[in-house]
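Hey, can you work out the whole structure from these sequences and the hints?
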Amino acid sequence: MRALAREALTAGVRLVIPAGVLGQVWRGAASQVPLRALVKGPTTTVPPLDQVLAEASGALCARTGTSDVIDATVVLIARRERAVVVTSDTEDLRRLDPKLPIERI
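Numbering of the sequence shown is given in our numbering, commencing with residue 29 and proceeding in unit increments.
I should point out that these hints are in silico values taken from the structure, not numbers from a laboratory.
No residue lacks a Cβ here, since even glycine has one placed at the ideal position from N, Cα and C.
Each hint can be trusted.
Beta-carbon label-pair distances, calculated as ranges:
1) Gly40 - Arg108: 16 to 26 Å
2) Arg34 - Ser95: 26 to 36 Å
3) Asp117 - Asp78: 18 to 28 Å
Following this line, the structure appears as structure tokens:
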């Protein structure tokens with residue numbers, strides 16, 4: 029993950045980190061320097077988990093028979109931003125959207 033973070037920052041890749049995902053992985057430890065650098069990067073945005081997104085995420089979970097609202101926010105934000113999702117959690121995201129562009133790490 030560190031190498032991927034370095035590459036993204038160096039290349040100026042547009043990064044979208046959903047707020048819920050950031051909350052799941054954030055621990056504030058010194059070992060999270062790469063994550064902190066990504067979040068503060070000039071091409072990074074952190075879309076908020078607001079009421080509209082929360083309700084849409086819950087509805088997506090209901091339609092797909094899943095329960096992870098944060099995964100649903102990832103799918104909805106990726107669709108909206110036309111972004112590729114980089115994750116190790118491909119199966120759960122595929123249940124939410126089989127056509128979602130995903131890069132497995």
